[in-house]
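J.: Starting from the known structure of chain Z, arrange chain H on it as the hints suggest.
Just so you know, the protein sequences line up as chains Z and H, in that order. Position one of the first sequence corresponds to residue 1 (my numbering), numbered consecutively onward. Position one of the second sequence corresponds to residue 1 (my numbering), numbered consecutively onward.
The hints are simulated quantities; they were obtained by calculation from the structure and are not laboratory data. Be careful, since some hints might not be right.
One copy or any two copies: either way a pair holds, since identical chains are not told apart in the list.
Under the rule of at most 20 Å between Cα atoms (straight-line distance), these lysine to any residue pairs were calculated in the SDA-like manner [unchecked claim]:
{"hint": "1", "residue 1": "Lys358", "residue 2": "Ala316"}
{"hint": "2", "residue 1": "Lys335", "residue 2": "Ser314"}
{"hint": "3", "residue 1": "Lys256", "residue 2": "Gln60"}
{"hint": "4", "residue 1": "Lys335", "residue 2": "Glu352"}
{"hint": "5", "residue 1": "Lys358", "residue 2": "Leu313"}
{"hint": "6", "residue 1": "Lys335", "residue 2": "Ser317"}
{"hint": "7", "residue 1": "Lys365", "residue 2": "Ala31"}
{"hint": "8", "residue 1": "Lys326", "residue 2": "Arg193"}
{"hint": "9", "residue 1": "Lys335", "residue 2": "His176"}
{"hint": "10", "residue 1": "Lys256", "residue 2": "Arg109"}
{"hint": "11", "residue 1": "Lys256", "residue 2": "Lys326"}
{"hint": "12", "residue 1": "Lys186", "residue 2": "His353"}
{"hint": "13", "residue 1": "Lys326", "residue 2": "Ser369"}
{"hint": "14", "residue 1": "Lys326", "residue 2": "Leu366"}
{"hint": "15", "residue 1": "Lys335", "residue 2": "Ser359"}
{"hint": "16", "residue 1": "Lys326", "residue 2": "Gly368"}
{"hint": "17", "residue 1": "Lys365", "residue 2": "Ala54"}
{"hint": "18", "residue 1": "Lys358", "residue 2": "Val158"}
{"hint": "19", "residue 1": "Lys326", "residue 2": "Thr342"}
{"hint": "20", "residue 1": "Lys365", "residue 2": "Gly281"}
{"hint": "21", "residue 1": "Lys335", "residue 2": "Ala316"}
Computed from a predicted structure; not experimentally measured.
There are 2 protein chains.
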Amino acid sequence: MPNDHAIPGFYAVIPAGGVGSRLWPLSRADAPKFLHDLTGSGQTLLRDTFDRLAPLSGEQRIMVVTGRAHRGAVESQLPALEDLNVVLESEPRDSSAAIGLAAAILERREPGVVIGSFAADHVITGAALFREAVVEAVASAEAGYIATIGIRPTEPAVGFGYIHCGESLSIEGAPHGLLVESFVEKPDLATARTYVSGGDHLWNAGMFIARASVILEELGRNRPELLAGLLELAEAWDDPATRGPAVDRIWPRLEKIAIDYSVAEPAAAAGRLVVIPGLFGWDDVGDFASLAKLNSRGRASDLAILGRDARVLSDASSGIVVTQTKRVISLIGVKDIVVVDTPDALLVTTAEHAQRVKSVVDALKLSGSSDVL
Amino acid sequence: MPNDHAIPGFYAVIPAGGVGSRLWPLSRADAPKFLHDLTGSGQTLLRDTFDRLAPLSGEQRIMVVTGRAHRGAVESQLPALEDLNVVLESEPRDSSAAIGLAAAILERREPGVVIGSFAADHVITGAALFREAVVEAVASAEAGYIATIGIRPTEPAVGFGYIHCGESLSIEGAPHGLLVESFVEKPDLATARTYVSGGDHLWNAGMFIARASVILEELGRNRPELLAGLLELAEAWDDPATRGPAVDRIWPRLEKIAIDYSVAEPAAAAGRLVVIPGLFGWDDVGDFASLAKLNSRGRASDLAILGRDARVLSDASSGIVVTQTKRVISLIGVKDIVVVDTPDALLVTTAEHAQRVKSVVDALKLSGSSDVL
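Chain Z on its own, in the form it takes in the complex (with noise of 0.2 Å):
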């Protein structure tokens, strides 16, 4: 299969929903991590994404799930998207809901259909290696599995999922293809380290890729009252006139759980899960500390600037400076220093401490600032 044409029969989905409280005070609620260009890139994360996928499946066969508050900016910054394919959430109600909505409606418009779940929110480079992972778990969808993609561990992090491999599946098209044992929950430093060592544990990148209607299965099978919700509203999808009051009717009302507990896991358990090791970079870019290594990688300088007017002084030889003011930002002796600037708020910490910023959301949760989330 040559490489600049789109898989047969493949369809992306695209959730973006979250809003990455790790990353207050730059994302929030009005502005999510997927709408942030935070690689220098010049484009947001989602368009990243979609720019990424699109040779994959092709431009019309990318669907996008998100909030209805972010329907103009998704539009905006995709403007080849399907208007069909856009899938408004009334309210969040987690990833069994929105990608399970997605298989919904794109297994009754086309029977068969294999589906691949990306976030709108990681950073990936190696194109052509995300390529073949992607293929290959394409093929073993096909093949009735359902498939995930795990990174190879560049190193023993704490902050990610790990997937355990098992043997090697033989399935025609995915000669890579891994039996998924189990996911692992983030580990401690050591046992990370005996991942990354031992050689037979992938990081949980969230990537699922699998026939809509083996999902739609999985989803009977664990949780059968989301699933008879969910092909409630698939079928009122389509139409405008019954698509509204299904929403306002069904939707609060579905299950909030992660597609990790409702489907992933328990498919696993039944040896339906298969793993593609990727070997293409994958950040999901976290928390601050991650953002910066991302952005002083191959840097003169470790310190890290993100911000089109940045205007920054410093003497700091590693951390990260987000702006998105023209103020003159000076930092003295600071070291590991997290500043992120912007307009109504300002957030000082440091790379150790970075995975604590959503503490900080709480808490102006519960002290009623909510107008800076």
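T.: Frame of chain Z, contents of chain H only:
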């Protein structure tokens, strides 16, 4: 002498010139340190200084020497200040010119007057103790000495100059007056410790009290050209028709030199300088570390917060946040942090590095970023 009456014959002079570069970006050319409320008192340091001196000299007997650019701010801060007591500099020429001009003008107006010069941007607590020291200083001035008030050190500070005290002088009305042996530049920590334990060193607070004629005489001995310029200026001063041309002609040519070098040190060498130990609280608020200390004293949490609209969310147990904006400021996992948040500039440093802020100002000048200076 009752404690609420003016000291006869005494005239106060407030040189309000310095920007306070080490307090950038709070202090800057158009908003120098003396125009800020740094203590949470609700009024500027200049106003605090005026209010402190008014009971000693009378409101009508306070002269302020400041830059032309600050005329409006000074007059609105000090509505009780007499028009003829606002002396405007066309450009900064250091303290010999500022205080020397005040002395020359006041000596013409009132021969034999005793003047006292007090910085516009220091923080002083303990009005009664301050008064006692000034009363003794004025008595010393009337006996022909130049008096200074030295502060009894409370810690081995390395940010201040010191005064080495000699024998008691038994001046009438100044029982605590000691001969000044010498002025000592900012010491290292070990030396400062010996000063504090030794007991014969006081902090140099830059206060000078003397007959105006004595200051002019010392200036004439050490800097005759400077004195000649000042006398010529003073002669033209009180006539609006002659003042402007005289300023334009003479002021820019005056030597820039601190009064410490043109008057105080030579007078000390000549045995003409007396120091009155001051037991009141004093701080020159030279940098953000001292500002933090000043504002956290006696608080449950040690993080000092200055700013009328401050919205700070922090787990920091030490340091200072100064804000002129309404932004939410969140600090996570940072210690001894200094965050100064202004509309067009942000500074992040630590108490330890606070002295280095001046170098940022220098760098900004060099890089042409004078818009934020």
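J.: All hints are to be evaluated individually against the structure, with a verdict given for each.
T.: A quick look at each hint next to the structure:
no., hint, verdict
1, Lys358 <-> Ala316, "between (25 Å within a copy, 17 Å between copies)"
2, Lys335 <-> Ser314, "both (11 Å within a copy, 19 Å between copies)"
3, Lys256 <-> Gln60, "neither (29 Å within a copy, 74 Å between copies)"
4, Lys335 <-> Glu352, "both (11 Å within a copy, 13 Å between copies)"
5, Lys358 <-> Leu313, "between (28 Å within a copy, 13 Å between copies)"
6, Lys335 <-> Ser317, "both (7 Å within a copy, 18 Å between copies)"
7, Lys365 <-> Ala31, "within (17 Å within a copy, 36 Å between copies)"
8, Lys326 <-> Arg193, "neither (42 Å within a copy, 45 Å between copies)"
9, Lys335 <-> His176, "neither (43 Å within a copy, 49 Å between copies)"
10, Lys256 <-> Arg109, "neither (25 Å within a copy, 84 Å between copies)"
11, Lys256 <-> Lys326, "neither (40 Å within a copy, 36 Å between copies)"
12, Lys186 <-> His353, "within (17 Å within a copy, 38 Å between copies)"
13, Lys326 <-> Ser369, "between (24 Å within a copy, 12 Å between copies)"
14, Lys326 <-> Leu366, "between (31 Å within a copy, 19 Å between copies)"
15, Lys335 <-> Ser359, "between (22 Å within a copy, 18 Å between copies)"
16, Lys326 <-> Gly368, "between (28 Å within a copy, 15 Å between copies)"
17, Lys365 <-> Ala54, "neither (38 Å within a copy, 49 Å between copies)"
18, Lys358 <-> Val158, "within (17 Å within a copy, 41 Å between copies)"
19, Lys326 <-> Thr342, "both (10 Å within a copy, 12 Å between copies)"
20, Lys365 <-> Gly281, "neither (35 Å within a copy, 42 Å between copies)"
21, Lys335 <-> Ala316, "both (6 Å within a copy, 16 Å between copies)"
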